[in-house]
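Student: Chains as they are written, first to last, in the numbering used here: chain A, 150 to 328; chain B, 150 to 328.
A portion of the hints provided could be inaccurate.
To be verified - Restricting the straight-line Cα-Cα distance to at most 25 angstroms, the calculated cross-link-like pairs of lysine-lysine (DSS-like) are: (1) B:Lys214 to A:Lys312; (2) A:Lys313 to A:Lys228; (3) B:Lys275 to B:Lys244; (4) B:Lys191 to A:Lys309; (5) A:Lys257 to A:Lys300; (6) A:Lys313 to B:Lys248; (7) B:Lys312 to A:Lys313; (8) B:Lys228 to B:Lys214; (9) A:Lys309 to B:Lys313; (10) A:Lys214 to A:Lys248; (11) B:Lys214 to B:Lys257; (12) A:Lys309 to B:Lys244; (13) B:Lys300 to A:Lys191; (14) B:Lys313 to A:Lys303; (15) A:Lys191 to A:Lys248; (16) B:Lys303 to A:Lys191; (17) B:Lys300 to B:Lys312; (18) B:Lys303 to A:Lys312; (19) A:Lys257 to A:Lys191; (20) A:Lys309 to B:Lys275; (21) B:Lys309 to A:Lys313; (22) A:Lys254 to A:Lys230; (23) A:Lys303 to B:Lys312; (24) B:Lys216 to A:Lys313; (25) B:Lys312 to A:Lys312; (26) B:Lys312 to B:Lys191; (27) B:Lys254 to B:Lys234; (28) B:Lys230 to B:Lys216; (29) B:Lys191 to B:Lys248; (30) B:Lys309 to A:Lys312; (31) B:Lys191 to A:Lys303.
By construction, these hints were calculated from the structure, which means they are not laboratory data.
2 protein chains.
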Amino acid sequence: MSQKLKLPHKILCVAYVATSIDGRIARSGNSGTDWTSAEDRKFFQNALAQMDAVIVGRNTYEVAKTKLNRRNTFVLTSKAKLEQKGSVIFLNPAKHNLKKLLASKNYKRVAILGGPQVYNFCLQNKMLDELFVTIEPYVFTSGVPMFSGNKFKKYNFVLKSVKKLNNRGTILLNYQYAG
Amino acid sequence: MSQKLKLPHKILCVAYVATSIDGRIARSGNSGTDWTSAEDRKFFQNALAQMDAVIVGRNTYEVAKTKLNRRNTFVLTSKAKLEQKGSVIFLNPAKHNLKKLLASKNYKRVAILGGPQVYNFCLQNKMLDELFVTIEPYVFTSGVPMFSGNKFKKYNFVLKSVKKLNNRGTILLNYQYAG
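Pulled out of the complex, with its shape left as it was, chain A reads as follows:
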């Protein structure tokens, strides 16, 4: 057996974000994304069908609980101890190793669905390999930002593709993490 085959399998982590032109992803922490286009929702559902599990924060979980309970879902929270309810695992990533947990389940493709602290956590911990950003043609001027970090950092990405999703001007950008 070659050296290569002995390595633990790589988990591909892909973040999905729907945003306004000005980088806002929601009105507030507990509001949904009812402003996204039908075309984006279709893309997103098709993409999720290819994923083994999803990672979300507590707010995102509360907003989309019914759907997320049907998936292999990891809910990152500062409060909970490690706890499993059906297919949903609640964990504090400061206390439990999320990467090891994903690897132990043998998941190969994992979707990161936000919110901003979860996107930031995954990026900081080199768990954000790819990024799909859907830009809907709105400006909100206020609301929840895409990422919320404590300090300004310059994470590099490379643009892989740009796709127009409809005539109105929803576009889908696909980036790859570049360090």
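Since chain A is already given, all that's left is putting chain B on it; use the hints.
Tutor: Relative to the frame of chain A, chain B by itself:
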């Protein structure tokens, strides 16, 4: 003379924004945009050459004073009384009518160059007809947001064009205000 010709001339106001993927336009209020690509700077300089005047906020003015002093520049500030220094006019838009002032100078094409409060002011006051957004392939996770409004609003835009500016993945989006 037809009714149409009697109308005052329309001033076209075009906003230019360079942003990270996550909608951040600067590290802080008094930092520049040294992270933008050469291709964006070239586009921006060519675009500015077509404009009669520019509108900026106090912070943006301080960061780019040397260049802005050579243009017909309107600096929006909450502090100053109406004051002219060379080609630069300082005004408090809550006290003086910016639109009337632009019209009195017979300017036809005006560039809005930020920061976030100035973009927001122009959008709120129906003075943002067109928007050019350059997205550089970075995530900053923190920093100055593109627009800073007091409340969440849904301003509609229509995407006119998408252009890749370089191989790395800088893209230029052109939107038209749609109410």
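Student: A separate judgement is required for each hint: does it hold in the structure or not?
Tutor: Taking the hints in turn, this is what the structure says about them:
1. Taken as a hint, the lysine 214 of chain B and lysine 312 of chain A pair is broken in the structure, with Cα atoms around 38 angstroms apart against an allowance of 25 angstroms.
2. Proposed proximity of lysine 313 of chain A and lysine 228 of chain A is contradicted: the alpha carbons are some 40 angstroms apart, above 25 angstroms.
3. Taking the CA atoms of lysine 275 of chain B and lysine 244 of chain B, the gap is about 17 angstroms. The hint holds against a cut of 25 angstroms.
4. Between lysine 191 of chain B and lysine 309 of chain A, the direct Cα distance comes to roughly 23 angstroms. Compliance with the 25 angstroms bound is thereby established for this hinted pair.
5. For the given pair, lysine 257 of chain A sits about 31 angstroms from lysine 300 of chain A by alpha-carbon distance, which is inconsistent with the 25 angstroms threshold.
6. This hinted pair does not check out: lysine 313 of chain A and lysine 248 of chain B have alpha carbons roughly 35 angstroms apart, beyond 25 angstroms.
7. Distance hint between lysine 312 of chain B and lysine 313 of chain A is fulfilled; the C-alpha atoms sit about 12 angstroms from each other, no more than 25 angstroms.
8. In summary, the hint linking lysine 228 of chain B to lysine 214 of chain B is supported, as the alpha carbons are separated by about 18 angstroms, within the 25 angstroms threshold.
9. Distance hint between lysine 309 of chain A and lysine 313 of chain B is fulfilled; the C-alpha atoms sit about 11 angstroms from each other, no more than 25 angstroms.
10. Proximity of lysine 214 of chain A to lysine 248 of chain A is assessed by CA-CA distance (about 23 angstroms); at most 25 angstroms being required, the pair is judged to hold.
11. Restraint check: the Cα-Cα separation between lysine 214 of chain B and lysine 257 of chain B comes to about 23 angstroms, which is no more than 25 angstroms; the hinted pair holds.
12. Distance hint between lysine 309 of chain A and lysine 244 of chain B is unfulfilled; the C-alpha atoms sit about 48 angstroms from each other, more than 25 angstroms.
13. Distance restraint check for lysine 300 of chain B and lysine 191 of chain A: the Cα-Cα separation of roughly 29 angstroms exceeds the 25 angstroms cut-off, and the hinted pair is therefore not satisfied.
14. Between lysine 313 of chain B and lysine 303 of chain A, the direct Cα distance comes to roughly 21 angstroms. Compliance with the 25 angstroms bound is thereby established for this hinted pair.
15. Restraint check: the Cα-Cα separation between lysine 191 of chain A and lysine 248 of chain A comes to about 29 angstroms, which exceeds 25 angstroms; the hinted pair is violated.
16. Note on lysine 303 of chain B and lysine 191 of chain A: the hinted pairing holds, with a Cα-Cα distance of about 22 angstroms set against a maximum of 25 angstroms.
17. With a CA separation close to 31 angstroms, the supplied pair lysine 300 of chain B and lysine 312 of chain B exceeds the 25 angstroms bound.
18. Of the supplied pair hints, the one linking lysine 303 of chain B and lysine 312 of chain A holds, its CA atoms being roughly 23 angstroms apart against a limit of 25 angstroms.
19. Of the pairs offered as hints, the one joining lysine 257 of chain A and lysine 191 of chain A holds, with about 23 angstroms between alpha carbons and a cut-off of 25 angstroms not exceeded.
20. The straight-line distance between the Cα atoms of lysine 309 of chain A and lysine 275 of chain B is roughly 35 angstroms, outside the 25 angstroms bound, and the hint therefore fails.
21. Using a Cα cut-off of 25 angstroms, the hinted pair lysine 309 of chain B and lysine 313 of chain A holds, with the two alpha carbons roughly 11 angstroms apart.
22. With a C-alpha separation of about 19 angstroms, the suggested pairing of lysine 254 of chain A with lysine 230 of chain A holds against the 25 angstroms cut-off.
23. Distance hint between lysine 303 of chain A and lysine 312 of chain B is fulfilled; the C-alpha atoms sit about 23 angstroms from each other, no more than 25 angstroms.
24. Distance hint between lysine 216 of chain B and lysine 313 of chain A is unfulfilled; the C-alpha atoms sit about 36 angstroms from each other, more than 25 angstroms.
25. Distance check on the hinted pair: lysine 312 of chain B and lysine 312 of chain A sit about 12 angstroms apart at the alpha-carbon level, within 25 angstroms; holds.
26. Pair hint lysine 312 of chain B plus lysine 191 of chain B holds up; C-alpha atoms about 14 angstroms apart against a cutoff of 25 angstroms.
27. For a cut-off of 25 angstroms, the pair hint linking lysine 254 of chain B to lysine 234 of chain B stands: about 16 angstroms separates their Cα positions.
28. Between the alpha carbons of lysine 230 of chain B and lysine 216 of chain B the distance comes to roughly 23 angstroms, so the proposed pair stays at or under 25 angstroms and holds.
29. The straight-line distance between the Cα atoms of lysine 191 of chain B and lysine 248 of chain B is roughly 29 angstroms, outside the 25 angstroms bound, and the hint therefore fails.
30. Under the criterion of a C-alpha separation no larger than 25 angstroms, the hint pairing lysine 309 of chain B with lysine 312 of chain A is consistent with the structure, at around 14 angstroms.
31. At roughly 22 angstroms between alpha-carbon atoms, lysine 191 of chain B and lysine 303 of chain A fall within 25 angstroms of each other, so this suggested pair holds.
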